[in-house]
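S.K.: Let the sequences and hints guide you as you build the complete structure.
Chains H and Z, in that order, give the protein sequences.
Going by our numbering, the first residue of the first sequence is number 1, and it counts up by one from there.
Going by our numbering, the first residue of the second sequence is number 275, and it counts up by one from there.
Derived from the structure by calculation, the hints contain no laboratory data.
Where hints are given, some of them may not hold.
To be verified - Sample of chain H residues with no beta-carbon within 12 Å of chain Z, all distances over it, derived: (1) Ser43; (2) Leu47; (3) Ile48; (4) Glu49; (5) Ile64; (6) Gly72; (7) Leu73; (8) Ser162; (9) Gly166; (10) Ala185; (11) Ala191; (12) Glu224.
Unchecked claim - Label pairs and their in silico Cβ distance ranges: (13) Gly336/Z - Val54/H: 42 to 48 Å; (14) Met163/H - Gly336/Z: 58 to 64 Å; (15) Phe241/H - Thr441/Z: 22 to 28 Å; (16) Val54/H - Pro386/Z: 49 to 55 Å; (17) Ile302/Z - Tyr268/H: 35 to 41 Å; (18) Leu222/H - Ile531/Z: 39 to 45 Å.
Said to hold, decoys possible - With a straight-line cut-off of 35 Å between C-alpha atoms, the simulated DSBU-like cross-links for lysine-lysine are: (19) Lys298/Z - Lys161/H; (20) Lys493/Z - Lys4/H; (21) Lys493/Z - Lys581/Z; (22) Lys161/H - Lys581/Z; (23) Lys493/Z - Lys387/Z; (24) Lys4/H - Lys387/Z; (25) Lys387/Z - Lys581/Z; (26) Lys161/H - Lys387/Z; (27) Lys298/Z - Lys581/Z.
From a predicted model like this one, the values you see are computed outputs, not experimental measurements.
Don't be surprised by glycine CBs; every beta carbon is placed ideally from N, CA and C.
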Amino acid sequence: MIEKRRLTNSIMTTLTAICAFGVVGVLLLVLGYIAYQGITSLSLQFLIETPKPVGEGGGIGNAIVGSLILLGLASLVGIPLGIAVGTYLSEMGDGWFGTIVRFVADTMIGIPSIIFGVFVYALIVLQQGYFSTLAGAVSLALIMIPIVTRTTEEMIRLVPKSMREGALALGAPEWRVTWDIVIPAAMTGIATGAMLSVARVLGETAPLLFTAFGSRFYNIYLDEPMASMTVQIYNYAISPFEEWHAKAWAATLVLVTMILFINIIVRYVTRRKY
Amino acid sequence: MSNEATRENLTDKNSKRSTVAADKFYRIGLTACATLILVILIAMVAVMTQNSWLSIREFGFGFLFGQTWDPVKNQFGALPFIYGTIVSSILAIIIATPISVGVAIFLVEQAPKWLARPMAFLVELLAAIPSVVYGLWAIFVLAPLLRVYVQPFFQETLGFLPFFKGTPTGIGMMTGGIILAIMITPIITAVVRDVLEAVPVTQREASLALGATNWETTKIVLVNASSGIAGAIVLGLGRAIGETMAVTMIIGNRSEISASLFDPAYTIASVIANEFTEATGDLYLSALIEMGLILFLVTFIVNGLAKLLILSVSRKTEQGH
Chain H
1 MIEKRRLTNS IMTTLTAICA FGVVGVLLLV LGYIAYQGIT SLSLQFLIET
51 PKPVGEGGGI GNAIVGSLIL LGLASLVGIP LGIAVGTYLS EMGDGWFGTI
101 VRFVADTMIG IPSIIFGVFV YALIVLQQGY FSTLAGAVSL ALIMIPIVTR
151 TTEEMIRLVP KSMREGALAL GAPEWRVTWD IVIPAAMTGI ATGAMLSVAR
201 VLGETAPLLF TAFGSRFYNI YLDEPMASMT VQIYNYAISP FEEWHAKAWA
251 ATLVLVTMIL FINIIVRYVT RRKY
Chain Z
275 MSNEATRENL TDKNSKRSTV AADKFYRIGL TACATLILVI LIAMVAVMTQ
325 NSWLSIREFG FGFLFGQTWD PVKNQFGALP FIYGTIVSSI LAIIIATPIS
375 VGVAIFLVEQ APKWLARPMA FLVELLAAIP SVVYGLWAIF VLAPLLRVYV
425 QPFFQETLGF LPFFKGTPTG IGMMTGGIIL AIMITPIITA VVRDVLEAVP
475 VTQREASLAL GATNWETTKI VLVNASSGIA GAIVLGLGRA IGETMAVTMI
525 IGNRSEISAS LFDPAYTIAS VIANEFTEAT GDLYLSALIE MGLILFLVTF
575 IVNGLAKLLI LSVSRKTEQG H
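M.R.: As structure tokens, then:
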């Protein structure tokens, strides 16, 4: 009897270990393949040039710039708003209204990103009659807000109550307690949450397909279509040309390196605390 | 002397008044931002309903059961897409659930800390890889692998089942389900880990003290965490339902219902991604936006349910402390 129990124990332990190592193995397999395929077509030229017809080379220069512009605009709106809502939830969100907002923000995190694309298309693109950088940035910002909200709330809640009480007892007004005491204390956490939302949005394709759309040129105008790395990868990937597939891998290597870089930095910064 | 005192008094009053005003401003400002979240939600429902009204009026509830999707004849039915979404998501859940729970058990209950922490980080990284990258990888690595090795194997051993009939092409429902499983595994794992960690250590100690093996103890922990694990699975389901790019690139995009997992299929999210920019005609666009509305409502409900299930565990364990 005891033998059988011990046997079950070791079998199950081995199985769970296989699961864990297997999943990590898949990650390494995916990353390894990206590195192996991507490195061969990567060059300085590739990082600067705009896309060209098959056989003429071309690169993702405009797509990198496009992604950064879209991301910058989205962050400009999404991060402050997310921090504001997160602050609201932690500092005065214990009532019924806060509960509803928290529930909605939580649920919005799980809404497929393509839905934000559809929404912004109907809201902006259909009204204006053209695809635009602005529409793309808005759809990305909408994805960022609930993510930043949740991490901000969690981080601000970690600030001890005694710090707030101390400041209030010294006669500081509420807004100064939040602005000068609570937010600085939670700054690292808030910043990492914001960075993670940036990494997440950097990899979004679906909401951009029919908002920013994509472009073959360098562009800085808000009312024109804008290229992005993800949409460019998608277009390269589903093309029938082998040369373009190679470009898709190289662009993927650039994108994934950026995203992993952000994730690893965040991990490094938060390592000591959590 | 008295003059100075009054002046001091006055400035004090003034600053107090401005403090009260500033605090009021601060509270109203933050509340307004919070309200904005609700406004966005309501605007999403309203705008998408308004823009799909044409299709809603034309097809009514029949939209959900219609099997033809023919833009030329202006016939739009969502059933093949609903079928594709449900089957690919269930496939993903069936594959991902045991693996995710296994990983979480290993990380929380078994692995030493020096191994568990970096490993947990690596599993989380899997969630950081963009959907379009999984799609690319699936096209060039996973699909050929399935076509050459896995699908022929299933056909030889279980070919009498309707699920494994037809030609193995590597592009279709099965590949879609597997790539979805890879994508939702880190999400389910993360939540199950949290849930397992929320179960009080005392329960494990009590079980071990009674002479139970590690695995028997883990089983008790799993029972106590079961509603949270259910929540994690539902959350994963929500993600699988809405995943767009990777599935679009690999599932074959054919709007026909077929029992075989080798056959191409189509999901709600993929048809939106694929046909939205090509949609000519108001009814066509309206039908696609209605698909978006359906996807929105379904994922909202599924996510809400997941949240309630996960919350129930943390509440239970809080009471236990």
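S.K.: For this structure, which hints from the list above don't hold up?
M.R.: Violated hints: none; all satisfied.
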